[in-house]
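Given chain A's structure and the hints, the job is docking chain B onto it.
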Amino acid sequence: MMRKALSATLIGGIILSALTLTPDAVRAQAPPGGSTLIIQGANGPLRITSTGSIKVTPVNQQEQSQAPAQPASPDTPPDLFNSLISSAASIDMDSPVTARAEFDPPVVAAGGRAIFRIVLTALDESVKQPDQLPAPGGLTVTPGGRAQNYQPTGTGRLQPQTTLNYRVIPSTNGIYSMPSFTVLAYGKPVIVPEAQLVVVAPGTPGVKDAPHLIMDLPTNNVYVGEMLRIPVVLPDPGDGSVVGFYQTHIKGDAIFSEAASFGVRRDIVHDGGHDYAAFVQDVTITPMREGPQTLVAQANCNRIHSNQPGAFTSTLIDSDPQVLDVKSLPEDGRLAGFNGAVGALQVDTPQLSTNVIKAGDPLKMAVIVRGEGNLGHITPPQIPLQHDWQTFPPIADMTQPFVMQQRGFTVFEYTMIPLNERAAATPAIPFSCFDPKRGAYVDLTIPPMPVTVKPSESGWKTANANAAAAEDAMNQDGALALTGLAEGPGISAGSLRAAQQQWWFAGLQFVPAGLLVGLWSWDRRRRRLERHPEILRRKRARRGVKRESGLARKAAEERDASGFATGAANALREACAPGDAANPEALVCADVLSKLPDEERRGREGEVVRKIFAAADAARFGANGRNGVDVLELRRDWEQVMDLLKARL
Amino acid sequence: MNCGLPITDCGLKEAGARMRALHHFSRFFRMLAFVSILCCASGTRGEDMFQQGAKAYVAGAFAKSADYFRQAVAAEPSAGGLQNLGNAEWQCGRTGAAILAWERSQWLDPFSANTRGNLRYARKAAQLEAPELAWYEICSAWLPVNAWAWLACLSLWAAVGMMFLPGILRWPRADWHQGVAAAGFAIFLLTIPALAGTHTRSRMGIVLAKDTPLRLTPTKEAQVLAKIPAGESARLERERGNYVFIRTSGAAGWVESGQFGLIACDRGELGKESSTTNKHE
Numbered sequence: 001m002m003r004k005a006l007s008a009t010l011i012g013g014i015i016l017s018a019l020t021l022t023p024d025a026v027r028a029q030a031p032p033g034g035s036t037l038i039i040q041g042a043n044g045p046l047r048i049t050s051t052g053s054i055k056v057t058p059v060n061q062q063e064q065s066q067a068p069a070q071p072a073s074p075d076t077p078p079d080l081f082n083s084l085i086s087s088a089a090s091i092d093m094d095s096p097v098t099a100r101a102e103f104d105p106p107v108v109a110a111g112g113r114a115i116f117r118i119v120l121t122a123l124d125e126s127v128k129q130p131d132q133l134p135a136p137g138g139l140t141v142t143p144g145g146r147a148q149n150y151q152p153t154g155t156g157r158l159q160p161q162t163t164l165n166y167r168v169i170p171s172t173n174g175i176y177s178m179p180s181f182t183v184l185a186y187g188k189p190v191i192v193p194e195a196q197l198v199v200v201a202p203g204t205p206g207v208k209d210a211p212h213l214i215m216d217l218p219t220n221n222v223y224v225g226e227m228l229r230i231p232v233v234l235p236d237p238g239d240g241s242v243v244g245f246y247q248t249h250i251k252g253d254a255i256f257s258e259a260a261s262f263g264v265r266r267d268i269v270h271d272g273g274h275d276y277a278a279f280v281q282d283v284t285i286t287p288m289r290e291g292p293q294t295l296v297a298q299a300n301c302n303r304i305h306s307n308q309p310g311a312f313t314s315t316l317i318d319s320d321p322q323v324l325d326v327k328s329l330p331e332d333g334r335l336a337g338f339n340g341a342v343g344a345l346q347v348d349t350p351q352l353s354t355n356v357i358k359a360g361d362p363l364k365m366a367v368i369v370r371g372e373g374n375l376g377h378i379t380p381p382q383i384p385l386q387h388d389w390q391t392f393p394p395i396a397d398m399t400q401p402f403v404m405q406q407r408g409f410t411v412f413e414y415t416m417i418p419l420n421e422r423a424a425a426t427p428a429i430p431f432s433c434f435d436p437k438r439g440a441y442v443d444l445t446i447p448p449m450p451v452t453v454k455p456s457e458s459g460w461k462t463a464n465a466n467a468a469a470a471e472d473a474m475n476q477d478g479a480l481a482l483t484g485l486a487e488g489p490g491i492s493a494g495s496l497r498a499a500q501q502q503w504w505f506a507g508l509q510f511v512p513a514g515l516l517v518g519l520w521s522w523d524r525r526r527r528r529l530e531r532h533p534e535i536l537r538r539k540r541a542r543r544g545v546k547r548e549s550g551l552a553r554k555a556a557e558e559r560d561a562s563g564f565a566t567g568a569a570n571a572l573r574e575a576c577a578p579g580d581a582a583n584p585e586a587l588v589c590a591d592v593l594s595k596l597p598d599e600e601r602r603g604r605e606g607e608v609v610r611k612i613f614a615a616a617d618a619a620r621f622g623a624n625g626r627n628g629v630d631v632l633e634l635r636r637d638w639e640q641v642m643d644l645l646k647a648r649l
Numbered sequence: 001m002n003c004g005l006p007i008t009d010c011g012l013k014e015a016g017a018r019m020r021a022l023h024h025f026s027r028f029f030r031m032l033a034f035v036s037i038l039c040c041a042s043g044t045r046g047e048d049m050f051q052q053g054a055k056a057y058v059a060g061a062f063a064k065s066a067d068y069f070r071q072a073v074a075a076e077p078s079a080g081g082l083q084n085l086g087n088a089e090w091q092c093g094r095t096g097a098a099i100l101a102w103e104r105s106q107w108l109d110p111f112s113a114n115t116r117g118n119l120r121y122a123r124k125a126a127q128l129e130a131p132e133l134a135w136y137e138i139c140s141a142w143l144p145v146n147a148w149a150w151l152a153c154l155s156l157w158a159a160v161g162m163m164f165l166p167g168i169l170r171w172p173r174a175d176w177h178q179g180v181a182a183a184g185f186a187i188f189l190l191t192i193p194a195l196a197g198t199h200t201r202s203r204m205g206i207v208l209a210k211d212t213p214l215r216l217t218p219t220k221e222a223q224v225l226a227k228i229p230a231g232e233s234a235r236l237e238r239e240r241g242n243y244v245f246i247r248t249s250g251a252a253g254w255v256e257s258g259q260f261g262l263i264a265c266d267r268g269e270l271g272k273e274s275s276t277t278n279k280h281e
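Protein chains in written order, with the numbering used here: chain A, 1 to 649; chain B, 1 to 281.
Bound conformation, chain A alone:
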């Protein structure tokens, strides 16, 4: 799965890269130590290889015959996408991954410098090596460079090769053996074979250190965004073993390294009073972040094979890590129009396409910015809003940044339309840069250029519909300006989240809903009671019976005969009231007796009722009451009468 994913990614990348080529360039490949480009020449396809020197050779017939035959109609042009797919390099990720390990050089002096190099036939992204190598004691091993290239196989496919470098410094003489260990490639273990390093005494003839790169970093202040040209030096051992180096670049966490570099030259390098011959190549980098940045230079070194005179070999070499202290651009003194231009720059006088123009006609203005700096990465400054001009976004120089850097200038193109004859000069365009040498911002405002604007012959609005629309737009935008501050806070809210999206708003809806439901329930109950008034009377009677019975019982316990008689009579009245729909106080003994069945009325219950009412009347009207003790003895019978009446409620 992983191999397929990586293959798809790689093929996709190659297709995208091919899309940037001209249609004639049909295949881009990278052979060992260089690159191969097959282009459509006058006499058929040609292969251009670059391995130190450039050779032009025709493509061999075998490869041509391996190309899949496309049944193309002579009338229809070949499909570009199909051409790209068929021409995309096939990456060999199916073959078993092999590993090679070596010390470079195999013999080194104690305290000298060697490289432990591992070469794996796998994609760089798929290789996972142990954090620490199982190095024997006496060897100081630190991680170095890492690179990937492609080797053609006999089957017309490209085999990826990943090289891992480790810097090795032996402390004492002896024979050191780096034991075999395992790395992961495509998620599978690959065994790296054992390698041996012979360490001899310093000064032993014929023993040399491994070739390594030296960076000549600037010692003055370096600022974020400043384009730096760093010489990368490869000392020439003087025995002709080193031919040169290529694909030089500088690595760092927050460093932008230009894709193209300057050519390699032979030079005499002065290093603290010691002069030596060396190969030198300048690499352009731009620090992207302030603070100390650790940089490592890396390149492929072309050397003459020690065992095969005349044959070249290419190996990955690197430099020791060096720290570059990068300063941030100062906030103080920042001028208007600063948009990241850093360097010693200056603006030439703008060139206008014409000085006399009719209102509504486009005017082009070219502005050349020249000097030393990040010319390739400067964004053209915007024209501020103008009432008399319609302006368009500026067009940046489309030249490759590397070329722009070489030639030393960049061109911004502005297009603007005068809206009326009042426009007497082009608008001034605020622009500034930061000069690292001076440590200050420099005003590079593009000056206004005088123009003569004539009115349109046939009237502005009829002459050019687009311009008329533009004028309308400008008239509308004429009032456009940043307004002043609001005098007060104005409309405020607890939150910017819409009320409908807040829980309390949803909960609030339950209040009117509950109110309505409550009112409806109340109305329903009210209507039911209206239809059945006896329900209310019985409820009221039960309440009255309970109240009066309680009073009667309490009076009986206190031996209050008159109180008991009054309470008991009232309780009897309350219990009988619903039947007559009358006020209980209006009922008399006969009314109560009428509610009793005939048998009970004539029996003991009727007698008890009569006695109680008589006692109550006596207590109420005073004087000739019966013996209270007799009334109190009627309590049990009264309870029975009450049970009888309550059962009917």
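I should point out that these hints are in silico values taken from the structure, not numbers from a laboratory.
Check each hint, because a few of them may be wrong.
[Unchecked claim] Listed below are the simulated DSS-like cross-link pairs for lysine-lysine, each with C-alpha atoms no more than 30 angstroms apart in a straight line:
#1 B:K227 / A:K364
#2 B:K220 / A:K251
#3 A:K327 / A:K251
#4 A:K554 / A:K539
#5 A:K454 / B:K124
#6 A:K646 / A:K539
#7 B:K220 / A:K128
#8 A:K595 / A:K646
#9 B:K210 / B:K124
#10 B:K124 / A:K358
#11 B:K210 / B:K55
#12 B:K64 / B:K210
#13 B:K124 / B:K55
#14 A:K327 / B:K64
#15 A:K364 / B:K210
#16 A:K546 / A:K646
#17 A:K364 / A:K454
#18 B:K227 / A:K327
#19 A:K546 / A:K595
#20 A:K437 / A:K358
#21 A:K327 / A:K437
#22 A:K327 / B:K220
#23 A:K364 / A:K327
#24 A:K437 / B:K210
#25 A:K611 / A:K546
#26 A:K364 / B:K124
#27 B:K64 / B:K124
#28 B:K227 / A:K251
#29 A:K327 / B:K210
#30 B:K227 / B:K124
#31 B:K210 / A:K251
#32 B:K220 / A:K188
[As the list claims (entries may be wrong)] Not close to chain A: a few residues of chain B, all C-beta gaps over 10 angstroms, as computed:
#33 Q91
#34 W157
#35 G179
#36 S257
#37 R267
In this text, all values refer to a predicted model and were calculated from it rather than measured experimentally.
Just so it is clear, CB atoms sit at the ideal spot from N, CA and C, and this is done for glycine as well.
This is chain B only, laid out in the frame that chain A set:
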């Protein structure tokens, strides 16, 4: 006889219940008073910050002014505070934060011609396009954001009330009852598109950082599809970890959540965007 007794068991219980009720009421009112004092204090603090921000702005200390206005709107989000915050952020060169503040101001008060003018000015200057809105979203921008919700709520319950209350309360039948109910339902139905528009607009936001990378997947190592300029409007579609999936007028992809500010946010999130923007711009 028993009625003459001043204190009974029943009376004691009743007095206790009354005391408990009084205690609950007093606690409720104390809490209410505390909340009111807090609200007043917050409002006062917001107003102080607003005034100080205005003074700093007039003095030309725009960064300081932006800080004050940020604190003012964090204490109490207001249309004026957000408008002034936008002005201060614009003067500081933070296009994304300025446009976001103005959009928020317009979210609260769409009648402000100043905010509308500032947004047009900023978009013209930064060469940005105004967000494309659907018809119901345009409707939703006619009134302050919460007005639609309240209008819908009041009209619905007025209509429902006018349908049921006359019957429940036995009011005499009148034509105006039906008129109010019909008008309420009509208004409620008319607010529905605006409510939908408010809902969809609440997922809109502004890209804060300059050249924000729009990524294919929500990871730091993901392929960058495009660079979005600060101030570009986009719609939030989903979130995953520290990334949000946004759709602009021309592209869709993942950006870091700190590089994108929603117009409709909680009070606690107000003012956080600027600090993020400072890192990026």
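Hints, verified against the model:
Of the supplied pair hints, the one linking K227 of chain B and K364 of chain A holds, its CA atoms being roughly 28 angstroms apart against a limit of 30 angstroms. Our distance criterion of 30 angstroms between C-alpha atoms is met by K220 of chain B and K251 of chain A, whose separation comes to about 20 angstroms. A threshold of 30 angstroms between alpha carbons decides the hint, and for K327 of chain A with K251 of chain A the separation of about 19 angstroms falls inside it, so the pair holds. Note on K554 of chain A and K539 of chain A: the hinted pairing holds, with a Cα-Cα distance of about 23 angstroms set against a maximum of 30 angstroms.
Proximity of K454 of chain A to K124 of chain B is assessed by CA-CA distance (about 27 angstroms); at most 30 angstroms being required, the pair is judged to hold. With a CA separation close to 11 angstroms, the supplied pair K646 of chain A and K539 of chain A stays within the 30 angstroms bound. Our distance criterion of 30 angstroms between C-alpha atoms is met by K220 of chain B and K128 of chain A, whose separation comes to about 20 angstroms. Proximity of K595 of chain A to K646 of chain A is assessed by CA-CA distance (about 12 angstroms); at most 30 angstroms being required, the pair is judged to hold.
Between K210 of chain B and K124 of chain B the alpha-carbon distance is near 16 angstroms, which keeps this suggested pair within the 30 angstroms criterion. Under the criterion of a C-alpha separation no larger than 30 angstroms, the hint pairing K124 of chain B with K358 of chain A is consistent with the structure, at around 25 angstroms. Between K210 of chain B and K55 of chain B the CA atoms are separated by roughly 29 angstroms; this keeps the pair inside 30 angstroms, and the hint holds. The suggested pairing of K64 of chain B with K210 of chain B holds, with an alpha-carbon distance near 21 angstroms, which does not exceed 30 angstroms.
A threshold of 30 angstroms between alpha carbons decides the hint, and for K124 of chain B with K55 of chain B the separation of about 28 angstroms falls inside it, so the pair holds. Our distance criterion of 30 angstroms between C-alpha atoms is met by K327 of chain A and K64 of chain B, whose separation comes to about 25 angstroms. Our distance criterion of 30 angstroms between C-alpha atoms is met by K364 of chain A and K210 of chain B, whose separation comes to about 28 angstroms. Using a Cα cut-off of 30 angstroms, the hinted pair K546 of chain A and K646 of chain A holds, with the two alpha carbons roughly 10 angstroms apart.
Between K364 of chain A and K454 of chain A the CA atoms are separated by roughly 16 angstroms; this keeps the pair inside 30 angstroms, and the hint holds. Our distance criterion of 30 angstroms between C-alpha atoms is met by K227 of chain B and K327 of chain A, whose separation comes to about 26 angstroms. At most 30 angstroms may separate the alpha-carbon atoms for a hinted pair to count; K546 of chain A and K595 of chain A meet this at roughly 19 angstroms. The hinted pair formed by K437 of chain A and K358 of chain A fails the criterion: a straight-line CA distance of about 45 angstroms is larger than 30 angstroms.
Only pairs whose Cα atoms come within 30 angstroms are accepted, and K327 of chain A paired with K437 of chain A is accepted, the gap being roughly 13 angstroms. Among the hinted pairs, K327 of chain A with K220 of chain B is consistent with the structure: their alpha-carbon atoms are about 26 angstroms apart, no more than 30 angstroms. Under the criterion of a C-alpha separation no larger than 30 angstroms, the hint pairing K364 of chain A with K327 of chain A is inconsistent with the structure, at around 38 angstroms. Annotation: proposed proximity of K437 of chain A to K210 of chain B holds, straight-line Cα distance about 28 angstroms (limit 30 angstroms).
Distance check on the hinted pair: K611 of chain A and K546 of chain A sit about 21 angstroms apart at the alpha-carbon level, within 30 angstroms; holds. For a cut-off of 30 angstroms, the pair hint linking K364 of chain A to K124 of chain B stands: about 21 angstroms separates their Cα positions. For the given pair, K64 of chain B sits about 26 angstroms from K124 of chain B by alpha-carbon distance, which is consistent with the 30 angstroms threshold. Between K227 of chain B and K251 of chain A, the direct Cα distance comes to roughly 24 angstroms. Compliance with the 30 angstroms bound is thereby established for this hinted pair.
Simply put, K327 of chain A and K210 of chain B have alpha-carbon atoms about 21 angstroms apart, close enough for the 30 angstroms limit, and the pair holds. With a C-alpha separation of about 19 angstroms, the suggested pairing of K227 of chain B with K124 of chain B holds against the 30 angstroms cut-off. Between K210 of chain B and K251 of chain A the alpha-carbon distance is near 26 angstroms, which keeps this suggested pair within the 30 angstroms criterion. Between K220 of chain B and K188 of chain A the CA atoms are separated by roughly 26 angstroms; this keeps the pair inside 30 angstroms, and the hint holds.
With a closest Cβ-Cβ approach of about 8 angstroms to chain A, Q91 of chain B is found to fall inside the 10 angstroms limit, against its non-interface label. For W157 of chain B, the requirement that its beta carbon stay farther than 10 angstroms from each beta carbon of chain A is not met, with the minimum near 4 angstroms. Against the 10 angstroms criterion, G179 of chain B stays outside the reach of chain A, whose nearest CB is about 20 angstroms from its own CB. No Cβ of chain A comes within 10 angstroms of the Cβ of S257 of chain B; the nearest lies about 17 angstroms off, and the non-interface call holds.
R267 of chain B, annotated as away from the interface, has a beta carbon of chain A within 10 angstroms; the closest lies near 5 angstroms.
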